[in-house]
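Q: Residue numbers (the working numbering), protein chains in the order written: chain F, 1 to 197; chain Y, 198 to 394.
These are calculated hints, taken from the structure and not from any lab test.
Simulated pairs of lysine-lysine, DSS-like, Cα-Cα distance not exceeding 25 Å:
1. Lys28(F) x Lys50(F)
2. Lys44(F) x Lys332(Y)
3. Lys332(Y) x Lys62(F)
4. Lys332(Y) x Lys138(F)
5. Lys113(F) x Lys329(Y)
6. Lys329(Y) x Lys138(F)
7. Lys9(F) x Lys132(F)
8. Lys44(F) x Lys329(Y)
9. Lys135(F) x Lys9(F)
10. Lys138(F) x Lys259(Y)
11. Lys185(F) x Lys138(F)
12. Lys241(Y) x Lys132(F)
13. Lys128(F) x Lys332(Y)
14. Lys128(F) x Lys241(Y)
15. Lys332(Y) x Lys132(F)
16. Lys247(Y) x Lys220(Y)
17. Lys259(Y) x Lys135(F)
18. Lys310(Y) x Lys132(F)
19. Lys325(Y) x Lys135(F)
20. Lys206(Y) x Lys310(Y)
21. Lys228(Y) x Lys247(Y)
22. Lys329(Y) x Lys128(F)
There are 2 protein chains.
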Amino acid sequence: MNIEEYIRKNIDYSFQENELPFKIRQGKVKKGEVICDYNQIESKVYFLQKGIVQVNIENANKDIRIVDFFFENSFFCSYASLLTSAPSDVQIVATTDCELEEISAHELFQAYKHSLIVNQLGRYETEKLYLKRVKREKEFLTQTAEERYINLISANSEITNHLSIDAIAKYLGIHPESLSRIRRKSIQRIKKTNKLT
Amino acid sequence: MNIEEYIRKNIDYSFQENELPFKIRQGKVKKGEVICDYNQIESKVYFLQKGIVQVNIENANKDIRIVDFFFENSFFCSYASLLTSAPSDVQIVATTDCELEEISAHELFQAYKHSLIVNQLGRYETEKLYLKRVKREKEFLTQTAEERYINLISANSEITNHLSIDAIAKYLGIHPESLSRIRRKSIQRIKKTNKLT
Chain F
1 MNIEEYIRKN IDYSFQENEL PFKIRQGKVK KGEVICDYNQ IESKVYFLQK GIVQVNIENA
61 NKDIRIVDFF FENSFFCSYA SLLTSAPSDV QIVATTDCEL EEISAHELFQ AYKHSLIVNQ
121 LGRYETEKLY LKRVKREKEF LTQTAEERYI NLISANSEIT NHLSIDAIAK YLGIHPESLS
181 RIRRKSIQRI KKTNKLT
Chain Y
198 MNIEEYIRKN IDYSFQENEL PFKIRQGKVK KGEVICDYNQ IESKVYFLQK GIVQVNIENA
258 NKDIRIVDFF FENSFFCSYA SLLTSAPSDV QIVATTDCEL EEISAHELFQ AYKHSLIVNQ
318 LGRYETEKLY LKRVKREKEF LTQTAEERYI NLISANSEIT NHLSIDAIAK YLGIHPESLS
378 RIRRKSIQRI KKTNKLT
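The following block holds chain F by itself, in its conformation from the complex (with noise of 0.2 Å):
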C-alpha cells in the first residue's frame, strides 16, 4: 500500500491521486539502520510500505527499552519531537529491511494550513498514537508479561518470525529467559486447547 491508498481507505475513498499538497519520496533502509537517533531533531514523517521499526528508549542506566514497534502500512516518525522540533528521546531503528515513503515536516506543516485532507490525515495519524499509547499503559498496569505476549503475537501474527526473542523480551519489559518460560508456557497451553477440541 503506498499513501494515497491508505488515505482512500482509511480517511476519505473518494480522495484522486496526485491531490497531496506535498512531494512523497521513495527510501529503503538496511536491517539495524538508524532512522531517527537519540537527540536528533525529527525533520521527516514516514509511511513503511514494508517490514518493521521498532522505537528504542534508553534509561539513566543505559539499559534499551523498546517502547514500540510500527509495521506495514503505518505512519511512524519521533513524534514528540517532530511536533516540539526538541531532541529525540527515542530512537528508531529498522528491526528488517523495509520500504518507506518519505514526507518532509516543513512540507507537511505548510500543507497543515490549508488541506482540508491533509489535516484529517494528521489528526486520525495522532488519535492513533494516542489509542497506542494508552492501550500500552493499561496493559502495563493490568495484565502479566504473559498476556502481554499473547496479544503481542495475535495481533501480528508474522512478528515471531521477524522479532528475536531478545527485541521481544526488551518490549514485554522482562528477562529474555522468562519470555522463553512464558513461550514454552504458551505452546504448551494452546497443544492441550488443540487436544480438548
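Knowing the structure of chain F, use the given hints to seat chain Y on it.
A: Showing chain Y alone in chain F's frame:
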C-alpha cells in the same frame, strides 16, 4: 476565554464568530461532581472556562490514582472512550466548581467530515494530549517525586490553593506523608536560596 477565542489564539487568528459547524452549550458543575464516570461512553467534549478537573483511574486493588489535571482554557473529555465508543477506563471529576462549554461528540464527528478549522483544532488538541502523555511518562521514568512536585507547582502556580495534599499525592503516585516531607524540604530550599541571593 471561550472556544472561539481559543481558536483565534491557537489555530487561526482570522477565525470569525459563529463559523463553527456545531452548537456550543454552556454548563456548570459543582466541586466533586462526576462529569464522566467509569464505564460510561463519552458523548461530549468540554472546554473548561473556569476551574480545575481531574482524571481518576482505579487499579486492581481499587486504589484511586489521579492521572491528569486540566486547567482553565483547555479541552477535556474521556478521550479514548470518545474515539473508540468503548466504556471509559477513567472517571472525570470537578476538582473545583467549574464553568464549561460543551460540544456533542456526534456533531463534532460530523464536522470532521468537511470543516478545515475543526480538523485543525482536533489535530492540535490531540497533539497536545499526546505530548502531555509522553512528558508524564518521561517524568515518571527519569524524575524523583520531589522534581515532579516542583514541575507541577511551577507550571500551575495556583494549584496548591485548589488541590488538597491528598489529591496532589495521588497525582504524584506517593503517600501523602511523603508529600508533606517533600513540601517542607522544598520550602526550606527556597528560603535558603533567597537568603543566599
